[in-house]
Amino acid sequence: MFLCIEIFFFLAFNIHDSVHAQDSSCCHHATDLSPCREACDQLSTIKSESRLKHLLQRLPSYCPESMNELWVCINSTLPGASRKSDGWVGLGCCELAISADCRRECKLASSKNDITKVCKKDSEKPLYSCITKNEMGSVCCSYAGRHTNCREYCQAIFRTDSSPTVSQIRAVKEYCQSVSPQLISCVGNYTKSYPIKSPIDSLYCCDRAEDVHCQTACRRILRTMTTEHEIIDGLITECDRQPLPQDPLWQCFLGSSHTPPKSDPDTSPTAKMDCAKLHCCSKANTSQCREMCQEISTNWGTQTWQEFDQMCEYNPVEADLVTCLADVREPCQLGCKDLTYCTNFNNRPTELFRSCNTQSDQGAMNDIKLWANGTIKMPFMNIPVLDIKKCRPEMWKAVACALQIKPCYSKSRGSVICKSDCVDILTQCGDSKRFHEGQTPERICDLLSPTDDPERCIPLERYLSPSSLGNIIEEVIHPCNPNPCPSNHLCEVNRKGCQPGQDCLPHFCVPGCKLGEASEFLVNMDALIQVPVRNGQVGCYEVCTCGQSGRLENCVEMPCIDTSKTCIIGGQRKNHGTSFKVDCNPCSCFAGETICSTRQCLSVDSSEDDPRRFTGLPCGCPDQFVPVCAHNGRTYPSACVARCVGLHDNQFGFGSCRSSDPCSPNPCQKNQRCIPNRRVCLTDTNEFPCKQYECVGRLPSCDKTQLDPACDTANMEYSNLCLLYQRGKTLAYMGHCQDACRRPKPVCGHNGETYSTVCAAYSDRVAVDYPGRCHAVGAVSEYTSDSGCNAIHCPPLSTKGCNPVTPPGACCPLCAGMLQILWNKDQMNTFARLNHNQPVTVHDILRILRLHISVPQCDIFGYLSIDSEIVVLVVPVDQQPTPLQIEACSKEAEKIDSLINYGSPTLVSHVPLSAFLTSEVKISTLSSAGHPAAASLSLRLLLVLLLVAIGIGGS
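Residue numbering for the sequence shown is -21 to -1, 1 to 934, as defined by mature numbering (1 follows the signal peptide of the UniProt record, and there is no 0).
Derived from the structure by calculation, the hints contain no laboratory data. The reader is advised that the hints may include incorrect statements.
Straight-line C-alpha distance at most 25 Å; calculated DMTMM-like pairs for lysine to aspartate or glutamate [stated by the list, open to error]:
#	residue 1	residue 2
1	K544	E521
2	K356	E292
3	K398	E292
4	K316	E471
5	K356	D366
6	K356	D505
7	K901	D602
8	K724	D691
9	K316	D93
10	K553	E532
11	K99	D682
12	K152	D101
13	K398	E453
14	K348	E434
15	K804	D663
16	K99	E114
17	K86	D691
18	K901	D299
19	K104	E114
20	K99	E84
21	K683	D93
Please read all numbers here as calculations on a predicted model, not as lab measurements.
Generate coordinates for the entire structure from the input sequences, incorporating the hints supplied.
In structure tokens, the structure reads:
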């Protein structure tokens, strides 16, 4: 049965029409299960092959394999279909190619045959060795079908560059023997060609054990025992742990974790470093935890994270440090589904979780088995409990699942259950007769669950019953959760579509590099990354490039930040990094300097004396729209506002920035072409001129395979901008050409600029405020005021029941999540100096932030507000989004907001995002009439995905 399903998933889509011709006749087999019937019926309505493939991959979630008649019917429509690979298995090996030509050809190839002319086997042995290993792994592990544990252990054999260990081989036999003898035979043929490692080669794995006793026993066992049976049985007995994939000790033995640190004196300085975790060490509040964190992060193997956990994990004053480390290990991601044990956590596409996967699901089940012995073992205490099979078993299951699946909430993103739940369950089910002296449910829970704040703890009641959404087909998808990419690649949402003839998956796998050899945290190739200096000195950083080698390189030290300096506000001392408000303005203390926004605050006295003086604009400027264009590329609604943000009269001119042609008169040399390149700069325009054009010489040959669609002013589409300019055309907007934007229909963007079409606005990553030319400006204050917006006719809200947000300076509300970010201009200038004096732009910010939006039904837009904050909008891409999609976009905004405010390295390690100081978030809430449980997929998801595929703002 499993083989039939797998063949069905990977069918060549040249039989696409056959599927459409037959599927409707099969769907009557699903009449007793409405979610399955809905999913089956959609097979005949979806015309896009990529979307069809995406739905087929999810079909077993709605139509169980036990529905034999349905699956036999579907598979019978595909006689003689051959299995198709999900992608070329050699793609992850291309970076091993020695020749640049071979590397390039490898990345463009669709099979091994495509590279043989350029990549010679005798000179590219590492490449072909990697391809052979991947091919064998792809074949062998395919026999696992949908048995996740078996497939995980099988993949571990082929994932590592070193020889497979005896433990790895034994694990495959143990978990796969009953699944597929073919898999066992296939893996056996591969492993026979590799020498078996000595047990003492795995001594470094003992540091992964969760307690000192297990670590000591592990080292003794590996040194004294020789057979695999003796070693495994000894470890299970001494450590009281079964060999599950989520256990750090067994992860290491089974090859899915770090390889042992090298002792070679010529090893790179970053060989034992984890720069991502090193980012977190400065958040420690005790010197002991800070020093332990720095030691482990810079010299991996000298201490263990288990020792750190015993000292710091449950220390209430170290919450920020622990949360930061959790962000690095397991970033919060939207969506949870396909769990077989923790089923109440399923069908939650708009909730954040750290570890919603099969391993954690099995880990929760294993924890329950261990707790059933009568003791819950913690790093620093044991909690005696009654028989949990009889005493509130559903509550204990919710506890185990919550601690393993790890829901994370907007403010703390911690993974602790609420104190009242902790006290309640221990009062009823704790074995008080075996409590140690002084132990009580309250005292235990003071350590484990110190708060009942619903924004800072996990309320178990939420997971005592299934999701209210039921088993509906998703209107919100998560292409990168779980991660479908190889271990050295990042997953990105596909917002650009695909070349004709290519499978159009909803994600890309792009090469990345680690923040240190001991790190598992990946960043994009060619990205600029800020990491702490190697000696761990607080406030000292260097900026590095993620190189083609997959490692950080070309590191340049930044000026150190004096974090000891404080700010005095209203007679109170504020430490470096502290955020606060002065009147209505968000502020932050940075190395002794107080940095605030410039919002107009409503004074009680002035409102009573003369309410007309309050306009909601900076400096109380009148709300008249007489635009001026500043040297930073930003259009301000009036000269008054421009002066208020600190611009001198010689730094702006009358008229909007887009109303003038930066190429007239032509500033370029005769052999160059001038191309408009409008941008808003965040750096000092005196030191880093914010040019609104580029001078382009004769273009080299363009890469026709690079997909980044561009549309010219004649509504002709090109695969990328290079091809458009090579033909001598003028860019209208990035993205696929759309008939709706063939003729000019002016719209006003949130940045106060008039765009010829909505497509041009979206291409500039600016959302539309209202139709027509810009002629009014809205308040930036949180207080309303009479303004020119009164005459604006706003478009209706996209969804009924949405309580919208109104961006600062805009007139019209919209359904979206919104961030207002305070930032440090001096830091932006420093980054510009380190990046060859290139100015930092709003587009740079949005491009990086966009990578953090994991839901393709949401996209990111933004602008520099007239009070100098960076405004970011996470907006549904559908013209009529469902309540579920609006909720998902709001949750994405909350996720980014919390990463900024907690200084999480998952965000602030990226230059220039590390110049962010603090953020405020506002989200669109939904009335009960728009409850997402009432929504269903029908054709709405297809519309959303098509909008994504046609590339609205594809750049």
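Evaluation of the provided hints:
no. : hint        : verdict
1   : K544 / E521 : 21 Å, holds
2   : K356 / E292 : 15 Å, holds
3   : K398 / E292 : 17 Å, holds
4   : K316 / E471 : 20 Å, holds
5   : K356 / D366 : 15 Å, holds
6   : K356 / D505 : 45 Å, violated
7   : K901 / D602 : 24 Å, holds
8   : K724 / D691 : 16 Å, holds
9   : K316 / D93  : 38 Å, violated
10  : K553 / E532 : 36 Å, violated
11  : K99 / D682  : 24 Å, holds
12  : K152 / D101 : 35 Å, violated
13  : K398 / E453 : 33 Å, violated
14  : K348 / E434 : 30 Å, violated
15  : K804 / D663 : 8 Å, holds
16  : K99 / E114  : 18 Å, holds
17  : K86 / D691  : 29 Å, violated
18  : K901 / D299 : 23 Å, holds
19  : K104 / E114 : 15 Å, holds
20  : K99 / E84   : 12 Å, holds
21  : K683 / D93  : 17 Å, holds
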